[in-house]
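Taken in sequence, the protein lines are chains C and S.
Start counting the first sequence at 1; every next residue gets the next number (my numbering).
Start counting the second sequence at 102; every next residue gets the next number (my numbering).
Think of the hints as simulated: they come from the structure by calculation, not from any bench.
Just so you know, even glycine gets a beta-carbon here, dropped at the ideal spot from N, CA and C.
Please note that the accuracy of each hint is not assured.
Cut-off 20 Å, straight-line C-alpha distance, at most; resulting in silico cross-link-like pairs (EDC-like, lysine to aspartate or glutamate) [as the list claims (entries may be wrong)]:
#1 C:K62 to S:D123
#2 S:K151 to S:E184
#3 S:K163 to C:D27
#4 C:K50 to C:E83
#5 C:K50 to C:E85
#6 C:K58 to C:D45
Covered stretches of chain C (chain S as the covering partner; in silico rule of three or more C-beta atoms under 8 Å from a C-beta of chain S) [to be verified]:
#7 31-45
#8 62-76
Protein chains: 2
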Amino acid sequence: MTSDPQASASLEVTTVLHALADPVRLDLVRQLSGSDTAIACGRFDTTVAKSTLSHHFKILRKAGIIATHRQGGQALNVLRTAEMEASFPGLLRAILPPSRP
Amino acid sequence: MTSDPQASASLEVTTVLHALADPVRLDLVRQLSGSDTAIACGRFDTTVAKSTLSHHFKILRKAGIIATHRQGGQALNVLRTAEMEASFPGLLRAILPPSRP
Chain C
1 MTSDPQASAS LEVTTVLHAL ADPVRLDLVR QLSGSDTAIA CGRFDTTVAK
51 STLSHHFKIL RKAGIIATHR QGGQALNVLR TAEMEASFPG LLRAILPPSR
101 P
Chain S
102 MTSDPQASAS LEVTTVLHAL ADPVRLDLVR QLSGSDTAIA CGRFDTTVAK
152 STLSHHFKIL RKAGIIATHR QGGQALNVLR TAEMEASFPG LLRAILPPSR
202 P
């Protein structure tokens, strides 16, 4: 398992805010924040078409909000919680609605 | 002095994030957050042209982040800190760099 080379080393505030300023991407981030494990690209709870979803993942990845790892032919996504918290403490907590049970 | 009718009653997360996802607007918000008093449109520390600035103020106002009041021929801007904090606790603190002294 290797880190995604597209992941940003440092998080840039306007890029991060732009990436989060979309209902689909915000929902993907919410699902990741409520998950203890990585989520494969095809396993998100969404009605968005696969190609559109890839576009959204790319924006989140480039902003440094998520990281994608390849494992056994799957693309597994995780939220970069520590990096986000280090750069913008409390941001995710401020904007994410509570996870559904 | 009356409230701006364009100010949103309730703040919508993606609209707010989009409004903040711009370096000029984020800087206007930073200046307002560091000010004890309202700031007239022409008194911000910026090199942006007046017409462009009006556009940015409009986006911030429509998102509900700032309110503009007219007083004595001036348009005075304030940050809607209480409303922002009620809707997204800690958001402004998370993304605004410390005010310059």
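Query raised in the report: Given as covered by chain S, does the segment 62-76 of chain C meet the bar of three residues or more with CB within less than 8 Å?
Result: violated (count 0)
Query raised in the report: Does D45 of chain C lie within 20 Å of K58 of chain C when you go C-alpha to C-alpha?
Result: It holds: about 18 Å lies between the C-alpha atoms, which stays within 20 Å.
Query raised in the report: Hey, K62 of chain C versus D123 of chain S, does the alpha-carbon distance stay inside 20 Å?
Result: Since the Cα atoms of K62 of chain C and D123 of chain S sit roughly 17 Å apart, the hinted pair holds (cutoff 20 Å).
Query raised in the report: Can the restraint linking K50 of chain C and E83 of chain C be considered satisfied, given a maximum Cα separation of 20 Å?
Result: Outside the cut-off at roughly 27 Å; violated.
Query raised in the report: Residue count check for the segment 31-45 of chain C against chain S: does it reach three with CB-CB under 8 Å?
Result: violated (count 0)
**Report entry** Agreement of K151 of chain S and E184 of chain S with the hint, judged by alpha carbon distance not exceeding 20 Å
**Finding:** violated, 27 Å
**Report entry** Hinted pair K163 of chain S and D27 of chain C, Cα distance within 20 Å
**Finding:** violated, 23 Å
**Report entry** Pair hint outcome, K50 of chain C versus E85 of chain C [Cα-Cα no greater than 20 Å]
**Finding:** violated, 29 Å
The structure fails hints 2, 3, 4, 5, 7, 8 (numbered hints given earlier, in ascending order).
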